[in-house]
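**Q** With the hints as your guide, set chains U and A onto chain W.
Protein chains in written order, with this note's numbering: chain W, 1 to 313; chain U, 1001 to 1327; chain A, 2001 to 2548.
Treat the hints with care, since some could be wrong.
[Claimed, not checked] Here are some chain W residues pointing at chain U (derived, C-beta under 10 Å):
1. Q26
2. S29
3. W37
4. F38
5. I40
6. M161
7. D162
8. T199
9. L298
[As the list claims (entries may be wrong)] If you want the footprint, here are the derived chain W segments under chain U, 3+ residues with CB under 8 Å:
10. 43–50
11. 121–128
12. 163–169
13. 278–288
Simulated from the structure, these hints should not be mistaken for lab results. Built from N, CA and C at the ideal position, the CB exists for glycine as well.
Residue strings, one per chain:
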Amino acid sequence: MTSTATTRTRAATRHHPPRKRKVNWQLYSLLVLPVAWFLIFRYVPMAGNIIAFRNYVPGGNIFGEGWVGFANFEMFLTDPSFWQVFGNTVTLGGLALLFGFPVPLILALLLNEVRSRGFKKFVQTTSYLPHFLSIVIVAGMVMQITSMTGSVNQLLSSLGMDKIAFMQDPAWFPVIYVGSEIWQTMGWGTILYLAALTTIDESLYEAARIDGANRLQQIWHVTLPGIRPTIVTLLILNIGTFMAVGFEKILLLYNPAIYSTADVISTYLYRVGLQSGSFSYAAAIGIFEALIGLILVLSANLISRRTTGASLW
Amino acid sequence: MVINSELTSVGSAEVEETLAGQPVQPRARASRSSGATVGRSRGERVFGVVNVAVLLLAVAVTLFPFLTVIAQSLSSEKYIDMGAVSIWPRGWNIDTYKVVMADPMFWTNYRNTVVYTAVATAISMFLSTIFAYAISKKELRGRGFFIGLAVFTMFFSGGLIPNYVLVNGLHMTNTIWAVVIPNAISVFNVLIMKSFFENMPSELEEAAAIDGLSVYGTLWRIVLPLSKAVLATMFLFYAVANWNSWFQAFIYLDRSDMFPVTIYLRNLIAGASSAQTSGANAASDLTGISANIKAVTMVLTVLPILCVYPFIQRYFVSGVMLGSVKG
Amino acid sequence: MSTQLSRRSVIALGLAGVAAGVLAGCADPADTSAFSGKAKGAMKELGVNEQFTAAAPLTFSILFQDNPAYPQKAGWTIWKDITDKTKVTLKPNVVPYADYQAKRSLLINSGNAPTIIAKTYPGEEAQFVGGGAILAASDYTKYMPNFTDKVKKWGLDADLATVRQADGKYYIFPGLHESLFLDYTLAARTDILEADGIDAPGTWDEFRTVLKKLKQKHPEVDYPFSDRFMGASTLNLAAVTYGTMAGPNWGIGNGLAFDQKAKKFSFTPASTQFKELLQYFHSLVDEGLMDPESFTQTDDQAQAKFATGKSLFINTNAQMISLYRQAMDQTLGAGKYTVAKIPVPSGPLGKVVGGSRLENGIMISSSAAKDPSFEALLQFVDWMWYSDDAQKFLKWGEEGTTYTEKNGKFTLKPGYSLKAFGIDPAGATKDIRLDMGFSCGNFMYGGTTEIVDSTMDAEELAWQKVMATYKQLPPAPGVPYTQTQRQQATLQQTALIDTANTATLNFILGKQNFSEWNGYLSSLKQKGMQTYVDNANRYYDQVQKKLS
Chain W
1 MTSTATTRTR
11 AATRHHPPRK
21 RKVNWQLYSL
31 LVLPVAWFLI
41 FRYVPMAGNI
51 IAFRNYVPGG
61 NIFGEGWVGF
71 ANFEMFLTDP
81 SFWQVFGNTV
91 TLGGLALLFG
101 FPVPLILALL
111 LNEVRSRGFK
121 KFVQTTSYLP
131 HFLSIVIVAG
141 MVMQITSMTG
151 SVNQLLSSLG
161 MDKIAFMQDP
171 AWFPVIYVGS
181 EIWQTMGWGT
191 ILYLAALTTI
201 DESLYEAARI
211 DGANRLQQIW
221 HVTLPGIRPT
231 IVTLLILNIG
241 TFMAVGFEKI
251 LLLYNPAIYS
261 TADVISTYLY
271 RVGLQSGSFS
281 YAAAIGIFEA
291 LIGLILVLSA
301 NLISRRTTGA
311 SLW
Chain U
1001 MVINSELTSV
1011 GSAEVEETLA
1021 GQPVQPRARA
1031 SRSSGATVGR
1041 SRGERVFGVV
1051 NVAVLLLAVA
1061 VTLFPFLTVI
1071 AQSLSSEKYI
1081 DMGAVSIWPR
1091 GWNIDTYKVV
1101 MADPMFWTNY
1111 RNTVVYTAVA
1121 TAISMFLSTI
1131 FAYAISKKEL
1141 RGRGFFIGLA
1151 VFTMFFSGGL
1161 IPNYVLVNGL
1171 HMTNTIWAVV
1181 IPNAISVFNV
1191 LIMKSFFENM
1201 PSELEEAAAI
1211 DGLSVYGTLW
1221 RIVLPLSKAV
1231 LATMFLFYAV
1241 ANWNSWFQAF
1251 IYLDRSDMFP
1261 VTIYLRNLIA
1271 GASSAQTSGA
1281 NAASDLTGIS
1291 ANIKAVTMVL
1301 TVLPILCVYP
1311 FIQRYFVSGV
1321 MLGSVKG
Chain A
2001 MSTQLSRRSV
2011 IALGLAGVAA
2021 GVLAGCADPA
2031 DTSAFSGKAK
2041 GAMKELGVNE
2051 QFTAAAPLTF
2061 SILFQDNPAY
2071 PQKAGWTIWK
2081 DITDKTKVTL
2091 KPNVVPYADY
2101 QAKRSLLINS
2111 GNAPTIIAKT
2121 YPGEEAQFVG
2131 GGAILAASDY
2141 TKYMPNFTDK
2151 VKKWGLDADL
2161 ATVRQADGKY
2171 YIFPGLHESL
2181 FLDYTLAART
2191 DILEADGIDA
2201 PGTWDEFRTV
2211 LKKLKQKHPE
2221 VDYPFSDRFM
2231 GASTLNLAAV
2241 TYGTMAGPNW
2251 GIGNGLAFDQ
2261 KAKKFSFTPA
2271 STQFKELLQY
2281 FHSLVDEGLM
2291 DPESFTQTDD
2301 QAQAKFATGK
2311 SLFINTNAQM
2321 ISLYRQAMDQ
2331 TLGAGKYTVA
2341 KIPVPSGPLG
2351 KVVGGSRLEN
2361 GIMISSSAAK
2371 DPSFEALLQF
2381 VDWMWYSDDA
2391 QKFLKWGEEG
2401 TTYTEKNGKF
2411 TLKPGYSLKA
2421 FGIDPAGATK
2431 DIRLDMGFSC
2441 GNFMYGGTTE
2451 IVDSTMDAEE
2461 LAWQKVMATY
2471 KQLPPAPGVP
2481 YTQTQRQQAT
2491 LQQTALIDTA
2501 NTATLNFILG
2511 KQNFSEWNGY
2521 LSSLKQKGMQ
2531 TYVDNANRYY
2541 DQVQKKLS
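With the rest of the complex left out, here is chain W (with noise of 0.2 Å):
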């Protein structure tokens, strides 16, 4: 490791100032096009979001029809109902990510520690499949699981226990939600850790068996760190955008018995909307979630520069 360190410095040093800027010049403009691209598709249309501070009326002017300052802020601000849906999409992204990040990492240490490849490729298929199936399919399927004569309530009494009216019970609702969160991701999310697996040199293994390491020690040693930047970027990002739950299968999945734990805020303005299309209303909530995104990404980054070293910056 120094010795690559004193490397770098000795080529450092032996940059020539013109063929730097050369350099410079030939990266930005590898930056042109996806930059334009930026500018165009995303930050163009940004300038729609100025409708949180104005009214805007369906059918009308997109851009509002008058100033209302921050009327729309204080209306959520201020609503009960709002925080209600606020606190569930909290609780439920934030169990979506505290169970559901460790399992793709967790199952692609294991399948990298499988000898057979024959096995360890047959595991990794059908661990994703079901990221393919439809959101709806996957809904029906849940119901269906979890129904008075479903397969669970099925073990239950075959277990002597209580069935129990899963859909109907709001307490159950973030177990359904965030099991079949990490049913459907799990496989998926393993192919990118797998990906980060193979950039581990080989040699550190040899190197940490000679040293007497047994598996376990080995994953902590030689593997982990070997894939750090890749769970770190994950993780920050999966931080930031953890507010993000999955509108569509919430409301397939939901009915009133359940909103105390069900409803988000994206199923709550869904309900909202369909009798009023309330725009500015949605864009200022919406302003509001992607500031506290922001936040969080920033200090999930700051945190990690800190303790790890690795940061998105």
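**A** Quick look at chains U and A alone, frame taken from chain W:
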């Protein structure tokens, strides 16, 4: 000069060996596994068994529902209604497959999906890779600004109507461009790629610079060949996302002969299910779409894209850096 | 941005069109000077039930909902048939059924909506009123003889009042029914009722007794009644007979019941009738007569239970009955069962039904008012959606080619089928809906009783006849909100209705005891129920004063 050829020879050797289906680094691999067989402790054996058990459980949980859908697609409707179909088809029925595949609109839409996916993935890969590479270079001035530019868009967006007005104003509606360009770059993917590029030893590129390679040359001839794993992953992610996407096409296309097959599928499945929650108006309209038809359409739509991953698995090869920085 | 400019100019022109219409209204009704410059292709005069033929070929764009049960295909002849008859070519902008509302809203909001926006249910047009994107229909219906004739003949003023907005106008061209169209009720396993010597229930109390008897006699059946639509349709049916409104997404609506005598709104989920309704259903669940899962299961699950004989009653409409029969032919065997619609059970209010005679219809983009063929457009719409001939044509096809009519009875000619309504004679090669596009949901709803009944079989007609003896309660008027008022009210409404819906399930399923009813009432008060009701009454009174 020496380093260059060594790199390329390592690169091609590794590809050849993978194509032949042989393990990439026989020496390195054997050392791990041979080490394992020789000195395998009881703890390691237990770990191995538990590992396999856990993985088999994961397989059961993920494979089972998928097999159920396939079984439903091959079963007669009456058995599905009775709830008698689990992973084996009952009342063998391939007529629905024939009927769905006989619908010319299905094939038109299918062809659209293939074209959209191919074009969109190519554009996305191109833009994302050059952007990720550029921002992964620490010597880029204003690097933080560009990264921030991208990250900011992960949270703030303009909403549906401004985007529609923009695309419409650019005269892209009802063309393929409305489907493949507005969502071309996923910042998530870009940041992942960036972290892979950053993780590459810089000696390689410095050596290439000394050799007189331009930035483009370095990227094309050094960096990309050594990034096969992440490129393959990103290709897979984009391809699947584009294959499954329906919303872009739904809002920007007005003609059913331009729709991708995912809209066809969604109309079938989601349309039928929205009736139950949308009230009397919706329910009066909809005559039932059988579970059998839904399953068939789903299987037909999903099958091709499922096959992409096993195809690209060969690029998930380890030890790409072996030998490249020795000495 | 250029689109912004065109948006503003559209609004300006739309308003100008309205002003012109108002001015024209002051003159002789037959005076069409309002259409000067916009009479391209129009007929000089179009009378009631006259065939509309454009004086010059015209094209209108239409937003068309594509139903997956009969997808729009290239082989559909209906488009050409319309052009042959009227010289008007309709250019459909095909939108899939799933997410139709989202796309419609997007197109209208971005100023790109087609001229005719089909499949709009009364109430859905309300949100677009304030922005000026859609035409004020009431300003132009005076130029539509078929429409005005039907409104007068069938006395639809009270029904139209349900869609009048704050300015007293209505913005939708609704489908019109001569008689209230009823479709939903309970389907029963009549073979089992007969075998057990039980009569079909006439009231909800009798329904409970019937279920009790069935439960005793059939221990193998889990629950004699397992509902679909999450119980909402049944709740709606029963609520009307109890004098209230209930049923998430189906009957509860905005929760405002209207006292016709006092002309006042009240929030009905807080009423004693609502409580009695919930107590009734709670008794069904409590005594093990109704499957508690009715309220949360998918339709497929409910249907499967009924089709396999695990339940004996289920909610249904006419089309679904034939679907149940198809399924049960497979699961139970043809001839081994009978299933039929029973008349809707009556409640404390006796044999009553509610609802309005308005049906889904169309909106017209306000940009059409500046189109040179505007007059022809109105005439075309009048013919197509409101004349008897057009409705027969759109439902059945060409007389003499696809169908024949005798004494009000419609019969398909040999070789044609209409499977959706159970008409599938042997040897049929073409389905007039699937292959030709007739009986399509975008055009076919509403009309004279004869036309509406024409697709019904004898069994359904008998049921309709019984239901026609029920007293029809007048529909509650809509609350005439302005744009700002509506946005405020929507937030309150969502909170109040959510509470009511949650409470509905909680009380019925026994998760909350009726002794806690006052707690529920105070939670409603806390969520602003009084303000919501007071506002509704205030706005209604204001508009009433303005109109008189």
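**Q** State for each hint whether it applies.
**A** For each hint, the structure was consulted:
{"no.": "1", "hint": "Q26", "result": "holds (4 Å)"}
{"no.": "2", "hint": "S29", "result": "holds (8 Å)"}
{"no.": "3", "hint": "W37", "result": "holds (6 Å)"}
{"no.": "4", "hint": "F38", "result": "holds (6 Å)"}
{"no.": "5", "hint": "I40", "result": "holds (8 Å)"}
{"no.": "6", "hint": "M161", "result": "violated (21 Å)"}
{"no.": "7", "hint": "D162", "result": "violated (22 Å)"}
{"no.": "8", "hint": "T199", "result": "holds (6 Å)"}
{"no.": "9", "hint": "L298", "result": "holds (9 Å)"}
{"no.": "10", "hint": "43–50", "result": "holds (count 7)"}
{"no.": "11", "hint": "121–128", "result": "holds (count 8)"}
{"no.": "12", "hint": "163–169", "result": "violated (count 0)"}
{"no.": "13", "hint": "278–288", "result": "holds (count 5)"}
Hint violations for this structure: numbers 6, 7 and 12, all remaining hints satisfied.
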